[in-house]
Structures are given as structure tokens and as C-alpha cells.
Amino acid sequence: MSKGNGLTQLGAKDFKSDQEVRWCPGCGDYAILNVIQSFMPELGLTRERIVFVSGIGCAARLPYYMQTYGMHSIHGRAPAIATGLAVSRPDLSVWVVTGDGDALSIGGNHLIHSLRRNVNLKILLFNNKIYGLTKGQYSPTSELGKVTKSTPMGSLDHPFNPLSVAIGAEASFVARAIDTDKKGLTEVLGAAARHRGSAFVEILQNCNIYNDGAFDFVREEKGNRIYLESRAPIRFGAESEKGVVQDADGSARVVDLAEAGEDGLLVHDAAQREPSLAFALSRITYETDGAVPLGVFRSVERPVYDDLMSQQLEDARERSGEGNLEALLHSGDTWIVRTD
Amino acid sequence: MQLTGDRFTSETAVFGNDLATLPDFPAEIRAPAGSLPGVSGFQVHFADHDILTPGDQPNVLVAMNPAALKVNLGDLAKGGTVIVNTDAFSDRNLQKAGYATNPLEDASLSDFHVHAVSLSSMTIEALKEVDGITSREAERSKNFFALGLMSWLYNRPIEGTLGFIDAKFAKRPEIAEANTRAFKAGWNYGETSEDFAVSYEIAPAKLEPGTYRQISGNSALTYGLIAASKLSGLPLFLGAYPITPASDVLEQLANMKHFGVRTFQAEDEIAASGAALGAAFGGSLGVTTSAGPGIVLKSETVGLAVTLELPLIVVDVQRAGPSTGMPTKPEQADLLMVMFGRNSESPVPVVAASTPAGCFDAAIEAARIAIKYRTPVFLLSDAYLANGSEPWLIPDVGALPDISTEFAASPSDEENVFLPYKRDAQTLARPWAIPGTPGLEHRIGGLEKEDETGNISYDPENHDLMVRLRAAKVAGIAADIPELEVDDPNGADTLVLGWGSTYGAIGAAARRVRTSGRKVATAHLHHLNPFPRNTGAVVRSYEQVLIPEINLGQLRMLIRAEFLVDAVGYNKVRGRPFRAAELEDAITALVDS
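Chains L and F supply the protein sequences, listed in that same order. Heads up: the first sequence runs through residues 1 to 340, numbered per the numbering used here. Heads up: the second sequence runs through residues 1 to 593, numbered per the numbering used here.
These are calculated hints, taken from the structure and not from any lab test. All C-beta atoms, glycine included, are put in the ideal place defined by N, C-alpha and C. Don't take each hint at face value.
[Said to hold, decoys possible] Pairwise CB distance ranges (calculated):
(1) L:Lys16 to F:Ala561: 48 to 54 Å
(2) F:Phe407 to L:Gly145: 52 to 58 Å
(3) F:Arg468 to L:Gln19: 32 to 38 Å
(4) F:Pro411 to L:Asp91: 18 to 24 Å
(5) L:Gly136 to F:Ala561: 41 to 47 Å
(6) L:Arg231 to F:Pro411: 47 to 53 Å
(7) L:Glu170 to F:Phe407: 32 to 38 Å
(8) F:Ser90 to L:Glu170: 48 to 54 Å
Can you make the complete structure from the sequences, with help from the hints?
This is the structure in C-alpha cells:
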């Protein structure tokens, strides 16, 4: 830890707790945990300033493995609990770890409201498109017709696109990464950490027991990864032979570069205030276009709930002075009863 | 009408009478005027001696329309005075109220002294020189005319109300002018009209010396939470979702930001409690306020707080149920819910306020227990306490209890290990180590924890141990709360045991029973879990125990189960407080049996 110059330099191992990691062998969560632990020193914070809050599910066990403060809470409620912590302790770096069922099903309400408030939380959604901990029922991100133990004839509900939900909920930062893509995930975590306000990150995560290979089309086939770079035309493919264009109706789609030409490509801008560009990009999926955008879709500055609340407290003190209990109890009409 | 009632109460309080109020209003914001469900009432009882209830039978009823007369006349004492606004007794209004004939013209009010006053038209007449108000606004000032009349009738001081009108309507001076004129016109009408032959003088009550103010239960609760924050040194964080009759507390605390109070109006009741618990993890005094239909949604958070062993104050301002029930009406039927409404063995201390002003002390006590024992605590109030008001001897801030605590600052042993579930030997409370404290990084969660280390454990014996430790910690609070006080001046055989807002009615009934020469003892529980340590001895020492409750016998069930005492109940669940007279009858019947 010590660099010998009086400063402390933390490494990944400083963020490993003494608890045995208990995910299934081969689970994508291991890769994500390793990236997070390796990334943590980049925050430049001492461990006591960092808190991981989770709900319920496989992903939600992550806080137990982090040598930081942590709370493994209630199914779906982590954003609400983390909101209380973050707004009352602006000095902390608060991370929420959640899954597709936790965040988008039972906790959908808390997720959208924390995003619209722009509470200073970093929300990492591990999306494996299945309920793992309860042993293999379909989730709100499972594809229509998914055959699972609870849907033997196929699921009937249309899935959520997590990024579209987040953008629709007024999220100020939205990004996506892959569990095994250490570089891409690290970059996204860094951008999320630097963003002041709510940062929503979908991490495509393989559940090798109940939904193995769900993301092979982008996890294994790297040519299908569209890495978004701000202010650059969107190109991808093994030979950079493909790109993304925007149609007159505002929607985006994948094209061959030869067809569109370099100048015809859509130029990405994560800082664009209007969410329509990020939303159009979120609609590009493997099912629609055979490719998956990764990286930062949207990153805009917007007033942060925690800051606004702190400001109100300061304003109130400036206006009324520090609260005085004695004066409060005697406020309004009072009268004195004297001894006879 | 609620505003008018509040003002009369203020005048009465400042004059020095003892008083108690019972606001009674519909849940609908603008219920159809003149309809029976739309009647908004305000009952105030005041006297030259100390009183305990808003009174069973008012002596004077002011009815602004036929519906108000119909709904309230049954409560009035025979021979009482009825003041009616004759302008509102139109055929249409009579029909809306379900009167076949005009009660002012048939004999149906012959048992009462009736003053028929054309309140609306006299108000409009008095305001004809006020510029800038509509005729509708002028008509609306009639409540201040009525207030002026009542202020004259009972010789109330009026300076407070005049100042209040100016401040309240400062942004619309013409409305302030209209209300002031209407108020004075009402006063003058009383003085000059021969209709009112007498006015009454009720001398100030002989109360304990000190500085007083009038206070409602929700305000006292708000002040109590602020005081708890100051006394503990912990910043207050309130997570709440609007719900009747608890919203006042959210609104009032939102005005207390200069006390460092953070109020968070959450997306739902669940998030409200979750955020409060998250803030508690970070070292705040976490509070969530609601009523029964919201409390049910908080059960999972309370369960988590039980196993995390973090302080959390959960306020339940009870209202009539089940489900949405009658939102503005009081009930005491959430006791068993807060005791047992969670999965598994999940003990939670319960504190109950008994009077509006008592909400102040109850809030501090709930905070004291939560902080000292690292536990969620339920604080029970109800719609009657919340909205009712009474004079309050303002406490000396310096004499309030010290409820401060210390956060964990260093590891538990010389090996530099922090044990988040290593308990204090006496209280069984665990250390409260807040994020930001170097070296104490730890993880807590809803999974069962190993004793001392807090690590996840599925060990059978450990689980049994932890279940018992959590139970013993809450049970042990009995050693740290006052004994149950019994008021038994004559050596009675019958004990009346109560809790919550029945305090006043039980006390008033017991006085009457004793005046009749009978003997009765009373005791009132302020802690429902755990019970005061002498509770068993007290209830076993009487031949008969009567437990009046505004539910079907919830405390009775607990007392019978815990102490094997064959207590009997007096239970009415009407969405209104007990009358002293009905309890007097119930006690008398039992004493004489």
C-alpha cells in the first residue's frame, strides 16, 4: 500500500474482503468483481469513503466481497436506501449493485425515481436476462417467448430495454459494458464515477447455469461491438467496415460503410442535451441490427438532488439562523401562568 | 371551519382556560357543501379547571347549514344552545340534509335554546363597503362573523385573532379587511342584539405555573423529533410519502431545514422508509412517518432494520381501517400490526403517545430507545391526537434527557479486527460504525449474521442464538423504562388499563365513577413493547381488569397472553374517541357486578 513517500496507493487487493466469493464457477460476476476491485483505486478515495449498496439476487452479493462499507438490503430497494445515504452524506461515493429482476421488476419504481432526481449514485445493473438466485425463471429483460421453469410454454411479456428505460426516466448518464471486456468496463466505470449525479450502467453478464451464452453475439463475436466515442462518426466491425446512420424519423440503424460513406455516418455526442440521440442508439440491438452499442450513450450535466438539498439547508440557515429549539417551542401565542 | 375552530381555541388558550379540541372533518378536500358527508366540525371544550377530553356533549352548537345541524344535534346536551345560520336553511339545503320540514319551524328543536341568525346576509351587509372582493368571497367571511359572535359570547380576547387575520391574509389585504369587519360585526351583533341576553365568563384554570402554548399532536410530534435530533446530536432525516393524517409532520419538518433537517418526499412508502434507513446507516436520526395503510408497506424495511440493528423511528398516526378505511378518523387498531406484522421473529419496541402534547415526549422516548438499542421503534399516535390540541406547559430545554450516543471509532480487539455484531454487555446493542470511519469498513445485510463478526451464517445454532439475542435486547429495554404508574386513591378492586389516546376519556370517566362513591384504579401504558417491568404484578393485583380500546381487544389479547389475566374489554370502533360517559357506564357496571 505505501509508496514510501507518505502517500497511500491502494491496489485491487486492498478492496478484496476476507469473505469467500460464492458465485457459481464460471459466472460473469467474477469478471465484473475483478474489474471493480481493480478500478477502485482510480477513484482516489480511501476505502472508508466508499459504500456499496445492493438489493437481492446473485449480483447483490457483491458488497460482501468488497473491503469497503456495504449493505446487502431488500429486493429492489437499493436505490431508495442508497438515496437516503447519499443525500445525507455527500462526502461518500455510493454505488448500487443490482440485477435485471432487482432493478427493473420489483425495484422499477425506485430505479426510475432515483434517475429522474439525479441523486449522486452509481447504479450498476448486471443484466443476465434471467432470475439466477431463484433458479431460472424469466426476467423483465428476457426475450418474448423465453422458455423457463415458470414459462414452460414461453414467456408472454415484452422485455424492457434497460437503457431505453433509463433514458426515458431522465437519466443524466447512461452507459453499457460487457462483463469480460475489462478495458471497456473500466472506462465506463471511470466515466460513471466522474459524472456528478445518477450514473446508470448496464453490464451484460453471462449466467452460465440458467442462461448460458445469452450475450455470445457480442461477448464472443467482437465484430458486433459498436464502441461509442463522443464526437466521432460511429464505425465498427472487424475491419471498421460498418457504421451507424440516423434516418429522417430520428431512428438509428447499422449500415455498411460502403453504402453510407464516411460522411453519411452518425456522429455520436454523449453530451447532447436532448435525449433523442442516446435513445435512438439504445434501440440498436442484436435483434434489430446484429450489433450492440457499448460505452457512454449519454452524459449530461443537470442539477444534482443531493447538492440541491444541501443548498436548501444552507439557504434556510442563512435566512432563519441556526435552528433554536428553545425559540421553536415558544413560537406562536404563549401565555404565562403564575403562582398565586 | 377548521380555521375558525383553531382561532377560537387560540383565544381560549391565551385567556388561560384549560381546553381540549376535537376537529372532525371529511377526507374529501371540497366535499359538496350542504351535504351530510361534507360537514366539517370543530369541537372545543374549555373550563376553569383541568379537563381531559373534548367533552361528550357540547353546550353550544353553531350550525352553518341544515346538514351541520342534522349531523351534530344528537351530540348536544338537552337544554343546550343552538346558533343557526338561517340564510342557509333554503328548501334545497333542507332537502340535501334530508329534512322533510324545516327544523327551525317545526317543534324538533324545542329542547334547545335556538338563536336564528341570518349570518350570511349580515356578513355581506357588513362588507358592502369593502372594495375588491367578490360576493362569494364576502359570503365566505361568515365564519369570521360566527367567530366574532362566539368570542363575544364567551368573552374571549380578540387581539390575537385580529393579528392573525392580518398576517394570514397579508397578500390579499382586501380579504383581511373583509374578515376583520365580519369578525367585528359578529362581536357587535352579540353585544347589541337582544337575542343574546347573557354572555359567559369562564375564569382561567388553575394550572401549574410556567409558560404555556397551545399545541396539536402532530406539531408536538414534529417538535419532539427536532428535539430528539438536537439532544442526540444526530442530523434528522425524514423519509415520507403524503398520507392522512400524518402529512402535517412531513410538511412541518420541511419548514425546519435551518435545524439541519433533511426531508425526502419519496416515490412511495417503501422508499420513504428505505431512505430513512439508508440515512441511519450513514449516522443520521432516520425517521419515517405514515399511517396504517403506509405502515404495511414499510414492514420489509422494519424487518431489515431489526436484523441490521440500526436506529429507525417509524411513526404510525393511526386512522380507521382496514385498507383505506376512514382516513381522517381515529382508531387504535394498528397495535398488533406493529407488534407482529413482519416475517419471522422480528421484535420491535413500541411507544404510544396518550395526549396531543404527550407526542413531544413520546418522540424523544422513541428516539432514545432507537439510538441506545440500535433498533427500529414504532411510535404510535392517532388521528385524534394528531389533530386535537391542548395547552402545553413548555418544557425547559435544559431539563430534556441526554440521548446522545457514540459511533464506533476503533476496531474491537488488539488484532485490529472490527466486529460489527459484538454487543454491549448491558444493553446488547451492537456498535454503530458509520461510513467514513477508517478501519471499520464492514458489510451488513438481510442475511443471517454470525454472532460478533456479522459474516453470513447459515449455522443452525448461530441462528437460534441470534434470534434470542435480538429478542433479549428488546425485552431488556423493560429495565430502562419507568414502571407502570397506578392511580388508585381508594384501594379499588377494579383496574382500568389503557394506552394511547383513550387516556383523557378514561381519566374523566374514573373521576366521575369516584365522585359516585365507587372505587376504581387506572393505569396507562406508554410502552407497549416491552411492557413496563411491573405490568404483570399490577394487573394480577386487581380482581377485575377493564381494557377500553378503539379496536376489538388488541392490548387485551397481549395482556391475557403474557400475564394469563382474564381482562375484559370495552371496545367500540366508530372512528371517534370514546365519550367519558360511556366509559363511566362501563366502569360502573363492572365495579357493581
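Results of checking the hints against the structure:
no.	hint	result
1	L:Lys16 to F:Ala561: 48 to 54 Å	holds, 49 Å
2	F:Phe407 to L:Gly145: 52 to 58 Å	holds, 53 Å
3	F:Arg468 to L:Gln19: 32 to 38 Å	violated, 25 Å
4	F:Pro411 to L:Asp91: 18 to 24 Å	holds, 22 Å
5	L:Gly136 to F:Ala561: 41 to 47 Å	holds, 43 Å
6	L:Arg231 to F:Pro411: 47 to 53 Å	holds, 50 Å
7	L:Glu170 to F:Phe407: 32 to 38 Å	holds, 36 Å
8	F:Ser90 to L:Glu170: 48 to 54 Å	holds, 53 Å
In summary, the one numbered hint that this structure violates is 3.
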